[in-house]
Amino acid sequence: MKLYLKIWRQKDADSKGQMVDYELNGVEGDMSFLEMLDVLNEKLINEDKEPVEFDHDCREGICGACSLMINGEPHGPDRLVTTCQLHMRKFKDGDTIVIEPFRATAFPVIKDLIVDRSSFDRIQQAGGYISVNTSGNTVDANAIPIEKENADDSFYAAACIGCGACVAACKNASAMLFTSAKVSQFALLPQGRVEATERVLNMVRQMDLEGFGNCTNTGACEVECPKGISLENIARMNREYLQASMKG
Amino acid sequence: MSALISSSIARKVVMALSGLFLVLFLAQHFTINLTSVIAPDTFNEWSHFMGYNPLVQFLLQPILIAGIVVHFAMGIYLELQNNKARAVKYSKFSGNANSPWVSRNMILSGMVVLAFIILHMYDFWVHEMAYKYVEASPEDPTRYYAETVEKFGPLWRTLIYIVAFVLLALHLWHGFASSFQSIGWNNKYSAGLKTFTKIFAVAIPLGFVFIALYHHLNPITH
Chain A
1099 MKLYLKIWRQ KDADSKGQMV DYELNGVEGD MSFLEMLDVL NEKLINEDKE PVEFDHDCRE
1159 GICGACSLMI NGEPHGPDRL VTTCQLHMRK FKDGDTIVIE PFRATAFPVI KDLIVDRSSF
1219 DRIQQAGGYI SVNTSGNTVD ANAIPIEKEN ADDSFYAAAC IGCGACVAAC KNASAMLFTS
1279 AKVSQFALLP QGRVEATERV LNMVRQMDLE GFGNCTNTGA CEVECPKGIS LENIARMNRE
1339 YLQASMKG
Chain B
87 MSALISSSIA RKVVMALSGL FLVLFLAQHF TINLTSVIAP DTFNEWSHFM GYNPLVQFLL
147 QPILIAGIVV HFAMGIYLEL QNNKARAVKY SKFSGNANSP WVSRNMILSG MVVLAFIILH
207 MYDFWVHEMA YKYVEASPED PTRYYAETVE KFGPLWRTLI YIVAFVLLAL HLWHGFASSF
267 QSIGWNNKYS AGLKTFTKIF AVAIPLGFVF IALYHHLNPI TH
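Taken in order, these protein sequences are the chains called A and B. Read the first sequence against this note's numbering and you will find it ends at 1346, with the numbers running on by one and no gaps. Read the second sequence against this note's numbering and you will find it ends at 308, with the numbers running on by one and no gaps.
Worth flagging that the hints you see were computed from the coordinates, not collected in a lab. Treat the hints loosely; a few may be bogus.
Think about it this way: if two alpha-carbon atoms lie no more than 27 Å apart in a straight line, the pair counts; the simulated DSSO-like pairs of lysine-lysine are [claimed, not checked]:
(1) B/Lys-178 to A/Lys-1190
(2) B/Lys-175 to A/Lys-1209
(3) A/Lys-1246 to B/Lys-274
(4) A/Lys-1269 to B/Lys-280
(5) A/Lys-1325 to B/Lys-178
(6) A/Lys-1114 to B/Lys-284
(7) B/Lys-218 to A/Lys-1325
(8) B/Lys-175 to A/Lys-1109
(9) B/Lys-237 to A/Lys-1269
(10) B/Lys-178 to A/Lys-1188
(11) A/Lys-1269 to B/Lys-218
(12) A/Lys-1190 to A/Lys-1104
(13) A/Lys-1114 to B/Lys-170
(14) B/Lys-280 to A/Lys-1147
(15) A/Lys-1104 to B/Lys-175
(16) A/Lys-1141 to B/Lys-178
(17) A/Lys-1209 to B/Lys-237
(18) B/Lys-175 to A/Lys-1325
(19) A/Lys-1209 to B/Lys-170
(20) A/Lys-1188 to B/Lys-175
(21) A/Lys-1269 to B/Lys-175
(22) A/Lys-1109 to B/Lys-274
(23) A/Lys-1100 to B/Lys-284
(24) B/Lys-237 to A/Lys-1109
(25) B/Lys-218 to B/Lys-237
(26) B/Lys-178 to A/Lys-1104
(27) A/Lys-1325 to B/Lys-274
(28) A/Lys-1104 to B/Lys-170
(29) A/Lys-1141 to A/Lys-1188
(30) A/Lys-1188 to A/Lys-1100
(31) B/Lys-175 to A/Lys-1114
(32) A/Lys-1269 to B/Lys-284
Taking beta-carbon pairs under 8 Å as the criterion, some of the chain B residues facing chain A (in silico) [stated by the list, open to error]:
(33) Asn-139
(34) Met-192
(35) Ser-268
(36) Trp-271
Since we're looking at a predicted model, the values are computed, not measured. Think of the CB as a built atom: it goes at the ideal place given N, C-alpha and C, for glycine as much as any other residue.
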């Protein structure tokens, strides 16, 4: 199929970017979206032009590296998939595809379609861990009885790959779904309760410091999340936060 | 406690609680207004009570005004913050693919409701304050019904009120259930709450539209 691509090109973080038009022939429906961009880049290299920079790593939907706003939706029009799992059969011959980086003040563009998502790392570092004594007397985690429902919900929250689609989809560029998943995965387990108060306070403080927007419960994040992280996590974090604030 | 004042979650909780308080007020306001259609004497009686009871006038009324000011001021502040969170906009953003239009445009419906509240306060509250405290007119428990019906005489005012009630419905459609999510209430009853929200968001504004139209079409001619 033949595609008309409109791609954001930006030389570096300090440059002003712009949308650039490309025409691409020979795209197969079996190709993933990233493979389609590989074809474009081969063409650009052969023409002695600068290839389009984009993030990718595992290309099997688990690393969270790939991003891309495709026709106004993070990871494109498909549901519960990352950009690397999006196949070109979702598009048809002659389509125009608009490709932009995830946009948020807290995700500055590094080059072309690559954004700096280290703000997520800093939120995680602010409290997304448990302190476990590893001096030889560590209790086997499986020896601690945990309610099935809590174990399941914790697991679903832990499925978050930190790709940033929630921020990209939110009209306010809010990071509440990401942060709440990282808070919830521990809040639901006895191992996580020990540092629960400081965790939620510190992670929310860091989230605010990074300049993400406020949650207005539109639900766009949940719909666009490639891992199906639920809005229930945001409500849980709100509860955790209010309780922690009263204590602290 | 300091975190509770300055954080994004705390600000959303303030929005939610002030919003829920205004929803309660709306239900009470609607109940009284409905009596103007079915029992004008009761409407006069209740309006007089609300206008002269010291508890209502000097405690509940200032709380209500504070609730309105806090809800709108915080809403505008949060909107400005949200705009800053995405300094460079998308050239293509398919919001309708993942979220309802009403949920993304609360500031728009909210600003229309705010403009309406200002007009509404000018129409009724300013008049009432002038009657009681500036002109120092005597108490008249029978005047409210005729004054209300007279307000809906001009077509332009009735139409402005109706447009505002439609926008109020859109605001409630998202805002009511959303408030519970903001205060951390999301459980097995949430689906029922969303259904109730939709019924409330349609029924109450529609009732206000009915009352406005009723008085417009049935003016006091004597």
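Okay, the hints, checked on the actual structure:
1. B/Lys-178 to A/Lys-1190: holds (19 Å)
2. B/Lys-175 to A/Lys-1209: Since the Cα atoms of B/Lys-175 and A/Lys-1209 sit roughly 17 Å apart, the hinted pair holds (cutoff 27 Å).
3. A/Lys-1246 to B/Lys-274: Roughly 17 Å separates the two Cα atoms, so the pair holds.
4. A/Lys-1269 to B/Lys-280: holds (22 Å)
5. A/Lys-1325 to B/Lys-178: holds (23 Å)
6. A/Lys-1114 to B/Lys-284: violated (45 Å)
7. B/Lys-218 to A/Lys-1325: Roughly 61 Å between the alpha carbons, so the hint for B/Lys-218 and A/Lys-1325 is violated.
8. B/Lys-175 to A/Lys-1109: holds (18 Å)
9. B/Lys-237 to A/Lys-1269: Distance of about 40 Å is beyond 27 Å: violated.
10. B/Lys-178 to A/Lys-1188: holds (18 Å)
11. A/Lys-1269 to B/Lys-218: violated (47 Å)
12. A/Lys-1190 to A/Lys-1104: Distance of about 16 Å is within 27 Å: holds.
13. A/Lys-1114 to B/Lys-170: At roughly 18 Å apart (the allowed maximum being 27 Å), B/Lys-170 and A/Lys-1114 satisfy the hint.
14. B/Lys-280 to A/Lys-1147: Judged against 27 Å, a Cα distance of about 53 Å means the pair is violated.
15. A/Lys-1104 to B/Lys-175: Holds - the C-alpha atoms of B/Lys-175 and A/Lys-1104 are around 16 Å apart, at most 27 Å.
16. A/Lys-1141 to B/Lys-178: holds (25 Å)
17. A/Lys-1209 to B/Lys-237: Between A/Lys-1209 and B/Lys-237 the Cα gap is close to 61 Å, so the pair fails against 27 Å, i.e. violated.
18. B/Lys-175 to A/Lys-1325: holds (25 Å)
19. A/Lys-1209 to B/Lys-170: holds (21 Å)
20. A/Lys-1188 to B/Lys-175: holds (25 Å)
21. A/Lys-1269 to B/Lys-175: Between A/Lys-1269 and B/Lys-175 the Cα gap is close to 10 Å, so the pair holds against 27 Å.
22. A/Lys-1109 to B/Lys-274: Not OK: A/Lys-1109 and B/Lys-274 at ~50 Å, beyond 27 Å, violated.
23. A/Lys-1100 to B/Lys-284: Not satisfied, since the Cα-Cα distance of roughly 45 Å exceeds 27 Å.
24. B/Lys-237 to A/Lys-1109: Not OK: B/Lys-237 and A/Lys-1109 at ~62 Å, beyond 27 Å, violated.
25. B/Lys-218 to B/Lys-237: Distance ~19 Å between B/Lys-218 and B/Lys-237 Cα, so the pair holds.
26. B/Lys-178 to A/Lys-1104: OK: B/Lys-178 and A/Lys-1104 at ~10 Å, within 27 Å.
27. A/Lys-1325 to B/Lys-274: holds (22 Å)
28. A/Lys-1104 to B/Lys-170: The hint holds at about 26 Å.
29. A/Lys-1141 to A/Lys-1188: holds (22 Å)
30. A/Lys-1188 to A/Lys-1100: Holds. A/Lys-1188 to A/Lys-1100 sits at ~13 Å (cutoff 27 Å).
31. B/Lys-175 to A/Lys-1114: The given pair, whose Cα atoms are some 13 Å apart, holds under the 27 Å limit.
32. A/Lys-1269 to B/Lys-284: Holds, because 23 Å separates the two Cα atoms, which is no more than 27 Å.
33. Asn-139: Violated, because the Cβ-Cβ distance from B/Asn-139 to chain A comes to roughly 34 Å (cut-off 8 Å).
34. Met-192: OK, holds: B/Met-192 within 8 Å of chain A, min 6 Å.
35. Ser-268: holds (6 Å)
36. Trp-271: Hint on B/Trp-271: holds, closest Cβ of chain A at ~7 Å, below 8 Å.
In summary, the structure is inconsistent with hints 6, 7, 9, 11, 14, 17, 22, 23, 24 and 33 from the numbered list given earlier, while agreeing with the others.
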